[in-house]
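Here the protein sequences line up with chains A and B, keeping their order. Per my numbering, residue 1 is the first one in the first sequence, and the count goes up by one each step. Per my numbering, residue 1 is the first one in the second sequence, and the count goes up by one each step.
Cut-off 25 angstroms, straight-line C-alpha distance, at most; resulting in silico cross-link-like pairs (DSS-like, lysine-lysine): (1) Lys107/A with Lys38/B; (2) Lys40/B with Lys9/B; (3) Lys77/A with Lys52/A; (4) Lys107/A with Lys41/B; (5) Lys36/B with Lys107/A.
If you want the ones that stay clear, here's a sample from chain B, every Cβ over 12 angstroms from chain A, calculated: (6) Val12; (7) Thr16; (8) Lys22; (9) Ser62; (10) Ser72; (11) Ser86.
Bear in mind the hints are in silico, worked out from the structure with no lab data behind them. From the three backbone atoms N, C-alpha and C, an ideal C-beta is built for every residue, glycine too.
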Amino acid sequence: GDSVTQMEGPVTLSEEAFLTINCTYTATGYPSLFWYVQYPGEGLQLLLKATKADDKGSNKGFEATYRKETTSFHLEKGSVQVSDSAVYFCALSDQSGGGADGLTFGKGTHLIIQP
Amino acid sequence: DTEVTQTPKHLVMGMTNKKSLKCEQHMGHRAMYWYKQKAKKPPELMFVYSYEKLSINESVPSRFSPECPNSSLLNLHLHALQPEDSALYLCASSQAPGQGAQDQPQHFGDGTRLSIL
Numbered sequence: 001g002d003s004v005t006q007m008e009g010p011v012t013l014s015e016e017a018f019l020t021i022n023c024t025y026t027a028t029g030y031p032s033l034f035w036y037v038q039y040p041g042e043g044l045q046l047l048l049k050a051t052k053a054d055d056k057g058s059n060k061g062f063e064a065t066y067r068k069e070t071t072s073f074h075l076e077k078g079s080v081q082v083s084d085s086a087v088y089f090c091a092l093s094d095q096s097g098g099g100a101d102g103l104t105f106g107k108g109t110h111l112i113i114q115p
Numbered sequence: 001d002t003e004v005t006q007t008p009k010h011l012v013m014g015m016t017n018k019k020s021l022k023c024e025q026h027m028g029h030r031a032m033y034w035y036k037q038k039a040k041k042p043p044e045l046m047f048v049y050s051y052e053k054l055s056i057n058e059s060v061p062s063r064f065s066p067e068c069p070n071s072s073l074l075n076l077h078l079h080a081l082q083p084e085d086s087a088l089y090l091c092a093s094s095q096a097p098g099q100g101a102q103d104q105p106q107h108f109g110d111g112t113r114l115s116i117l
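Just chain A, with the same shape it has in the complex (with noise of 0.2 angstroms):
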C-alpha cells in the first residue's frame, strides 16, 4: 500500500534560519503530493501541492517539488519566523483506483522556531 515517511522531530530552529523537513513516497500509481500545517488547536490547512513530477509548489515562501526518480516531496524555506511554529504534514492522494479516498499522511514534523 501507500505510505509517506517523513523526519518526526521536534525540529528547533533559530529565526532566519534555513528549512528543509524531508519527506519520501512509495505508491503504486502516480499521486499528488501535498504539505499541510497545523497550528496549535487549529485543523489542517493545506500549504502547497504538486500533481506530478517536476512540478514544484510553492506559497508563503514555502517550496517543494515533486521529484518521481528519488520520491521525494522535501520541504523548504529559506528563512522562518517564529510564526511558522506549527506541525507539518507530507500527504499524498492516489485515486488512480477511480474513487474518492483519504489523503495517507506522514507522522508529522513539529517545528518550533526561536527568536
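For chain A, the structure is supplied; the task is to place chain B on it using the hints.
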C-alpha cells in the same frame, strides 16, 4: 477562516449520551470525509462519502454513524462512546472523481474536540 465549518468546536459527553457532529461546506465539493486525530498523531480516515453515498468505511465501530443528508452537509452521530474515543474529529471536502482533475486537495475544517467522561 476555513471554508469547511464544523460544529460544535468542543464537546464533552458521557458514555451513555447521544450527540452529533456537524460539517458544512459550500464549495460545491461532492466528496466529504471524516478523520479522527489523536494528540501528536496524523489524522486517521474514518469515512468517505462520494456523491452523497458512503464509499469507504475504515472498519469504524458502529457507535459512530455517519450521515450525508445533502451535498453540503455531513454529520457524525455518536452513541455509547468510550474514553478512548476522545480526540479531534476533522471533516474535509474535495472535488470528487468526475468533477475535475484527479487527486484534488482536501480542505479541512478546524475540527470538533471531543472528550468522553
